[in-house]
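Top to bottom, those sequences are chains W and D.
Mind the numbering: the first sequence is residues 1 to 456 in the numbering used here, read in order.
Mind the numbering: the second sequence is residues 1001 to 1108 in the numbering used here, read in order.
Hints are computed from structural coordinates only; laboratory data are not their basis.
Note that beta-carbon positions come from the ideal geometry of N, C-alpha and C, so glycine has one too.
A hint or two may mislead.
Said to hold, decoys possible - The calculated DSBU-like cross-link candidates involving lysine-lysine, where the alpha carbons are at most 35 Å apart (straight line), are:
(1) W:90 to D:1050
(2) W:86 to W:24
(3) D:1050 to W:86
(4) W:144 to W:53
(5) W:334 to W:90
(6) W:258 to W:86
Claimed, not checked - Partner residues are not named here, just some residues of chain W that face chain D (Cβ under 10 Å, in silico):
(7) 137
(8) 161
(9) 162
(10) 165
(11) 172
(12) 173
(13) 189
(14) 190
(15) 192
(16) 194
(17) 198
(18) 262
(19) 265
(20) 367
(21) 369
Said to hold, decoys possible - Derived CB-CB ranges, DEER-like:
(22) D:1074 to W:54: 43 to 51 Å
(23) D:1057 to W:51: 21 to 29 Å
(24) D:1081 to W:21: 46 to 54 Å
(25) D:1022 to W:390: 33 to 41 Å
(26) W:388 to D:1022: 31 to 39 Å
(27) W:53 to D:1093: 24 to 32 Å
(28) D:1093 to W:188: 53 to 61 Å
(29) D:1068 to W:51: 24 to 32 Å
(30) D:1004 to W:261: 29 to 37 Å
(31) D:1074 to W:29: 35 to 43 Å
(32) W:9 to D:1004: 41 to 49 Å
(33) W:398 to D:1060: 39 to 47 Å
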Amino acid sequence: MNALILSAVLGVVMMFSSVLLKQKSAVRGIAITGLAVLLLVNILESRGISFFKIDVSGMMHFDRFALLSISIALFATLVFFILSAKDMEKIGADYGEYFALIFFITCGIILVASFKSLLILFLGIEIISIPLYILTGADKRNLKSNEASLKYFLMGAFSTGLMLMGIALLYGASGTFDVERMREMIAAPGVLSVAGMLLLLFSMSFKVSAAPFHFWTPDVYDGAPTAFTSFMATIVKAAVFIGFIRLFDETFGISQEKWQIWFAVIAAATLFIGNITAVFQQSVKRMLAYSSISQAGFMLLSLYAMNVSAKEGILLYAAAYSLATIGIFAVLNKLNDYTFEGFNGLARQQPVIAAAMVIFLLSLAGIPLTAGFLAKFFMLKAVIATGSGLWLVIFAVVMAAVSVYYYFRVIQAMYFKEGNATIAASGGFKWSLVGLAALIILLGIFPNLLIYWLYF
Amino acid sequence: MPINYYIFLAIALFCIGVVGVLTRRNAIIIFMCVELMLNAVNLLLVAFSKMHHAVPGAAANAGTDGQLFVFFIMVVAAAEVSVGLAIIVMMYRNIHSVDVNFLNRLKH
Chain W
1 MNALILSAVL
11 GVVMMFSSVL
21 LKQKSAVRGI
31 AITGLAVLLL
41 VNILESRGIS
51 FFKIDVSGMM
61 HFDRFALLSI
71 SIALFATLVF
81 FILSAKDMEK
91 IGADYGEYFA
101 LIFFITCGII
111 LVASFKSLLI
121 LFLGIEIISI
131 PLYILTGADK
141 RNLKSNEASL
151 KYFLMGAFST
161 GLMLMGIALL
171 YGASGTFDVE
181 RMREMIAAPG
191 VLSVAGMLLL
201 LFSMSFKVSA
211 APFHFWTPDV
221 YDGAPTAFTS
231 FMATIVKAAV
241 FIGFIRLFDE
251 TFGISQEKWQ
261 IWFAVIAAAT
271 LFIGNITAVF
281 QQSVKRMLAY
291 SSISQAGFML
301 LSLYAMNVSA
311 KEGILLYAAA
321 YSLATIGIFA
331 VLNKLNDYTF
341 EGFNGLARQQ
351 PVIAAAMVIF
361 LLSLAGIPLT
371 AGFLAKFFML
381 KAVIATGSGL
391 WLVIFAVVMA
401 AVSVYYYFRV
411 IQAMYFKEGN
421 ATIAASGGFK
431 WSLVGLAALI
441 ILLGIFPNLL
451 IYWLYF
Chain D
1001 MPINYYIFLA
1011 IALFCIGVVG
1021 VLTRRNAIII
1031 FMCVELMLNA
1041 VNLLLVAFSK
1051 MHHAVPGAAA
1061 NAGTDGQLFV
1071 FFIMVVAAAE
1081 VSVGLAIIVM
1091 MYRNIHSVDV
1101 NFLNRLKH
């Protein structure tokens, strides 16, 4: 509750600061400080110190899982601000408003991570989506940004319609929006509740860009300004996954066996389409868009398994994937050429940045000693623990092997190709990247540093 | 009137909306079809709310949350309209058209 109220207040503060303050560095300073405070109050709340006592009539519940996932999202946003906030100046004149919108999105993320009522889920998803439409189209003169924004908006509004129809049908079947009471009421599924669940499943798959509902993703991620692509491909996607897993754990957990086959098919299709299409991309930005689809496929394995290991795994996955991808996007944003050739010879010009990039890419590919490896390991362990779906595990491992190809193409370009790719990076930027890379290795060796917070 | 009539009407409106979104090429028309989908949901929620209220032995406030939800949908839809129309206007300023076939240009 702390973070929810404070993030809404900070959004308004940022709107005023963009009007009152002339220097962009001051606006940026307020945003970074505000986010650090937000993270701090959320950690305080997970230690039992809550500043607000508000009766939410059981519509929200801040349990350990919710609070930890909010902390991860806030920390990733803080890293994103530190690495990329300066590059947002290039996008347009409304510098302060971008931060305001991001704080409002944070507000939505907190709602999605803590909902107990489908009303809150719907509001959270919309509070995330509507500012994102604006951020996608922030580059007003750029036609690609316009098109991405319109496409995202139409697809997003359409999937919201599907979600609402699903909620309405479930309400008809159960007479309540509360997920726990709903679970009792629809123990014996009828036509209304099955149709409602399917519509909810489809619309959430839209939001996390799972195949076959992924078609908007590459275009939108490619067209949006790179700084905002970084935000929506990582933090937002991971947060919606948290909502997805809460929804299907708490509402439909009782009929898990019937849903497993749907998740198995969606996860396999997502892994296949994401990885195979990523192999053929020429632009690194577009490759990362497909890579985000394939990583979503791995995260879907947690919905298939839905056990303790899956819940631990999705948090670790969210952290590992978000941090590594934010790092790569931060470097990409500073390059002029987004193709693979754009990275040629970066290692000679900027050895520190290239080394950090290697760690991020290794983590995404799932090489041991990085956080990405353990995240994938937890997912596979969760699926094996269910006792079924061995074919899914084997398929996922094969697809992870395919992903090594396109991640290593970037490493190859940086280290083994002649070229003069260079970026103007300050010392602070370099050290932040090194710190981020160190954190990824640390999480890869001691994952309990993160998971411990679920149980202390 | 039986609840079935309301359900069929809402589903019919919803399907018209879905088909419209998938087949029409004008951004404004697609947008109207999305609104049609949302309003079909509103109708359905109100009908279900009355249905749950009329159940014998139900609490006095049974079904009110369904009607509350409708207000939330209206507010969110209004917010979505304002952002969506702004995006369409921005698009029109740049290419002087609201035809979504232009969207295919993003594909390489």
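Taking the hints in turn, this is what the structure says about them:
no.: 1; hint: W:90 to D:1050; result: violated (53 Å)
no.: 2; hint: W:86 to W:24; result: holds (9 Å)
no.: 3; hint: D:1050 to W:86; result: violated (54 Å)
no.: 4; hint: W:144 to W:53; result: violated (46 Å)
no.: 5; hint: W:334 to W:90; result: holds (11 Å)
no.: 6; hint: W:258 to W:86; result: violated (48 Å)
no.: 7; hint: 137; result: holds (6 Å)
no.: 8; hint: 161; result: holds (4 Å)
no.: 9; hint: 162; result: holds (8 Å)
no.: 10; hint: 165; result: holds (5 Å)
no.: 11; hint: 172; result: holds (4 Å)
no.: 12; hint: 173; result: holds (9 Å)
no.: 13; hint: 189; result: violated (17 Å)
no.: 14; hint: 190; result: violated (13 Å)
no.: 15; hint: 192; result: holds (8 Å)
no.: 16; hint: 194; result: violated (15 Å)
no.: 17; hint: 198; result: violated (14 Å)
no.: 18; hint: 262; result: violated (20 Å)
no.: 19; hint: 265; result: violated (22 Å)
no.: 20; hint: 367; result: violated (30 Å)
no.: 21; hint: 369; result: violated (36 Å)
no.: 22; hint: D:1074 to W:54: 43 to 51 Å; result: violated (24 Å)
no.: 23; hint: D:1057 to W:51: 21 to 29 Å; result: violated (42 Å)
no.: 24; hint: D:1081 to W:21: 46 to 54 Å; result: violated (31 Å)
no.: 25; hint: D:1022 to W:390: 33 to 41 Å; result: holds (38 Å)
no.: 26; hint: W:388 to D:1022: 31 to 39 Å; result: holds (35 Å)
no.: 27; hint: W:53 to D:1093: 24 to 32 Å; result: violated (49 Å)
no.: 28; hint: D:1093 to W:188: 53 to 61 Å; result: holds (55 Å)
no.: 29; hint: D:1068 to W:51: 24 to 32 Å; result: holds (28 Å)
no.: 30; hint: D:1004 to W:261: 29 to 37 Å; result: holds (31 Å)
no.: 31; hint: D:1074 to W:29: 35 to 43 Å; result: holds (39 Å)
no.: 32; hint: W:9 to D:1004: 41 to 49 Å; result: holds (47 Å)
no.: 33; hint: W:398 to D:1060: 39 to 47 Å; result: violated (59 Å)
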